[in-house]
Amino acid sequence: GAVLMPRLAALFSEGNETEFHRYINKGISGICFVALPLAVGCFVVSDNLVPWFYGSGFEKITVLLKIFAPMLFFMGISDLIGVQAFVAIRKEKQLLIININNVVLQNTAFYSFDKRKDIQRFSNHNTSSGIATTSSQDLG
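Here my numbering is used: the first residue of the sequence shown is 2, the next is one more, and so on.
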């Protein structure tokens, strides 16, 4: 969201760098307070949560939950610094370059996982209806 962006933009245009950094630090503290425990919790309880929530046969999804759990924290920091702060200080071009690099790195990482077969595909795409479906047989 863009909760801090108007205030950050006003502080930047006024040249109030100290207050600008104070707001950024408060935002980072809030993200750490919420996202870090949530990410750690998802990582720790994934072994029990997935079979309880999805049922037997979906235990391999715990690997994905453990991989994506830290993203809760990084996405929060990325939104605060990458979107709200960069747009507020009129650095949209740098933000675009960062996002392009991020897409390239993520696709490279997912491609390398796919090539190594560490993570199997969990969905079976039904081409006749265009709907992606998953069953416990796909995971076996």
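What the hints contain is simulated information worked out from the structure, not anything from laboratory work. In this text, all values refer to a predicted model and were calculated from it rather than measured experimentally. Beta carbons are placed, not taken as given, at the ideal position from N, Cα and C, and that holds for glycine. A portion of the hints provided could be inaccurate.
[Unchecked claim] Derived DEER-like restraints, expressed as beta-carbon distance ranges: (1) 113 with 16: 38 to 48 Å; (2) 107 with 41: 18 to 28 Å; (3) 18 with 107: 40 to 50 Å; (4) 92 with 58: 42 to 52 Å; (5) 105 with 69: 43 to 53 Å; (6) 68 with 15: 36 to 46 Å; (7) 101 with 14: 19 to 29 Å; (8) 46 with 110: 22 to 32 Å.
Kindly confirm whether 43 to 53 Å is satisfied by the beta carbon distance between residue 105 and residue 69. For residue 69 against residue 105, whose Cβ atoms are near 19 Å apart, the range 43 to 53 Å is violated.
Distance restraint evaluation - residue 18, residue 107, Cβ atoms, bounds 40 to 50 Å: The hint (40 to 50 Å, Cβ to Cβ) is violated, given that residue 18 and residue 107 are roughly 32 Å apart.
Hint check for residue 41 and residue 107 - Cβ pair distance inside 18 to 28 Å: 22 Å, holds
Given the range 42 to 52 Å, decide if the beta-carbon distance of residue 92 to residue 58 lies inside it. At 47 Å between Cβs, range holds.
Can you tell me whether the CB distance of residue 113 to residue 16 sits inside 38 to 48 Å? 45 Å, holds
Residue 101 paired with residue 14, Cβ distance criterion 19 to 29 Å: 27 Å, holds
So does residue 46 sit 22 to 32 Å from residue 110, Cβ to Cβ? 25 Å, holds
Does 36 to 46 Å hold as the CB distance between residue 68 and residue 15, or does it fail? With a Cβ separation near 42 Å, residue 68 and residue 15 satisfy 36 to 46 Å, so the hint holds.
Of the numbered hints given earlier, the model fails hints 3 and 5; all others are met.
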